[in-house]
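Protein chains: 2
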Amino acid sequence: MPVNFTPGPSQLYFTVEDHARSAFRQGIPSLSHRSRAFEKISKQTTEGLKELLELPEGYHVLFTGSATEIWERSIQNLVTESSLHFVNGSFSKRFHEIATQLGKQAHKVEVPAGQGFENYQPIGNPEVIALTHNETSTGVSLPLDFIHSFRTHHPNALIVVDAVSSLPYPKFDYTKIDSVFFSVQKCFGLPAGLGVWIVNERCIAKAESLQQQGVNIGTYHNLPTLISNAKKHQTPETPNVLGIYLLGQVIGDFLRKGINTIRKETEYKAAILYQALHQHDKVKPFVVERKFQSQTVLVAETGTATSQIAEQLATHGLQPGDGYGERKKSQLRFANFPTHSKEAYELLVDLLEKM
Amino acid sequence: MPVNFTPGPSQLYFTVEDHARSAFRQGIPSLSHRSRAFEKISKQTTEGLKELLELPEGYHVLFTGSATEIWERSIQNLVTESSLHFVNGSFSKRFHEIATQLGKQAHKVEVPAGQGFENYQPIGNPEVIALTHNETSTGVSLPLDFIHSFRTHHPNALIVVDAVSSLPYPKFDYTKIDSVFFSVQKCFGLPAGLGVWIVNERCIAKAESLQQQGVNIGTYHNLPTLISNAKKHQTPETPNVLGIYLLGQVIGDFLRKGINTIRKETEYKAAILYQALHQHDKVKPFVVERKFQSQTVLVAETGTATSQIAEQLATHGLQPGDGYGERKKSQLRFANFPTHSKEAYELLVDLLEKM
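In order, the protein sequences belong to chains A and B.
The first sequence begins at 1 in our numbering and counts up by one.
The second sequence begins at 1 in our numbering and counts up by one.
Please note that a few of the clues may not be correct.
Which stretches of chain A does chain B cover? Using the computed rule of at least three CB atoms under 8 Å from a CB of chain B, they are [to be verified]:
| # | region |
| --- | --- |
| 1 | 12-20 |
| 2 | 25-37 |
| 3 | 60-72 |
| 4 | 101-111 |
| 5 | 213-220 |
Hints listed in this document are in silico derivations from the structure and should not be mistaken for laboratory results.
For every residue, glycine included, the Cβ atom is placed at its ideal position computed from N, Cα and C.
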């Protein structure tokens, strides 16, 4: 089977199939979600994640159906009136649209696809600042300093970070972030069908205050309900039990490998591909400024050579992701997740250099 | 491994592990949800389900994270002001509570646990009539005639049926139902993490009218968005691709077996267990009236013998489900899903008769 570089669902982490086989052998897919055995699995996954991301005390791990759901739930639970969104691609744009659809005053700072943000001057008094750490559609990553600066600009705002296609790579300073979320089919290399939402006590207090004001914060997946269940290592609904188990197992694999090793390998693979793209005469990186170049989703401007490059890579067992939306036929995207080996990246670079 | 009679998550359908292995072999868990291959899988699942349930034209199959989500989405999308709920157990009660939490005038007709409804006299002008075909907490099933009678009583209302733990067993007259839903970890014997929501054109029109009135019907999972994606065999978010594939495969197995055979086997197994319970001197069926006795979740009033019976069954490899909630220590529940073989039921009955 080819190595799948599409940025999610992507190549499975190489241990997942074995973990799935073991799950079936242990009867995990038919486990009651109200059993002790499930609570143990849920605890192992959330505690493993807290260790992997080095989350401080007071940060909680919650499970949803998708990261898309978390866009909706976070606005619904954290915003009475207004949010401020940084929009530079299709996914940050969708997050903003969801806030608008929910009837909030959703303000935005917008730059064209492929760009990041410079010289932000605080505006207004938004309740939530919504930042997309890694724009999967364009391969733009926001520098951590930029993300961490909002605590100073807006001390009263909740800083909500979409890290769908970057975690666990970024080493966030969580004291400067109130909520972060991801979906398991990106860097964790798992089958899709599970979103992971991390919130701190400020988020919970805010949701409770909305609830007391009579604002509709949803039902089974409002924050107070999610939290009261999570404290018992439970979920309000019957969740994706198999997905939670597999996530816990892959987190265990990541912990054994070491987050520093994962980060270094990610940077090595990104460095060799960006170098090849910068030096190439037919293709170039879509994101020009190095400080905005994503380490986990690398986008190549391949122009009229797109289909030819994709076909040549395919003959060597490498399947790049299409460009996103209107750039489908002029770009290729390469996921650089923990499952993508150095060897696969070296082969990719070798092949590109020869084209 | 023991035969798991808990009513969901329950015993996996016996083909699921093989289908999962085949899915991994085909790369399905890492398939892009925007690919043709995914559309084909999604189409196979929805068309198979339409065939299995004999859905008329104009009924659409939608995917959510859970059936719990469908409680919320159905109220959010179908009710401007008022709904009417038939409450006779924990799950029908929760459906009613969700409508209340969403700020609707949620009226209810309530009877004690273990009972059904008699002699309904039409009241008010609810926009939605919410019926729980099979109360998983008590083993009460509403007769089909009762469910089908609401079209006459309330021609303008949308008839919404929770069939979480009964489909595909009941042979509904869909011309008298506007929406029905289930979750895959019950009768379909699949790993949890997927809800299936069936709606007709009246539901879509209603949701669109709410949207036009400025009522908040949610964002990525509002009905118009779900429908416009479903028409392309797509989903708004990255869905549980593996779950949708596995559902399609099990539906294929059910179709090959034949829905009539599945229904007859279900009735045979239910008949022998109810007979044993009726004739037993230490235990009896919790649901006394035969017309309300569920065919898919059978509840035994086991009183002080509960733990003893559970232990004896366990020594023979049979794992009953606990009673629900406050009846945890005085009842046992037995799922009677297509995966529970006639042989397993015959063994269960033999063992019970000897106790």
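Okay, the hints, checked on the actual structure:
1. 12-20: holds (count 4)
2. 25-37: This one holds; 6 residues, not fewer than the three required, reach chain B with a Cβ under 8 Å.
3. 60-72: holds (count 8)
4. 101-111: Held - the region 101-111 of chain A has 3 residues with a Cβ nearer than 8 Å to chain B, which meets the minimum of three.
5. 213-220: Per the Cβ count (4), the hint holds.
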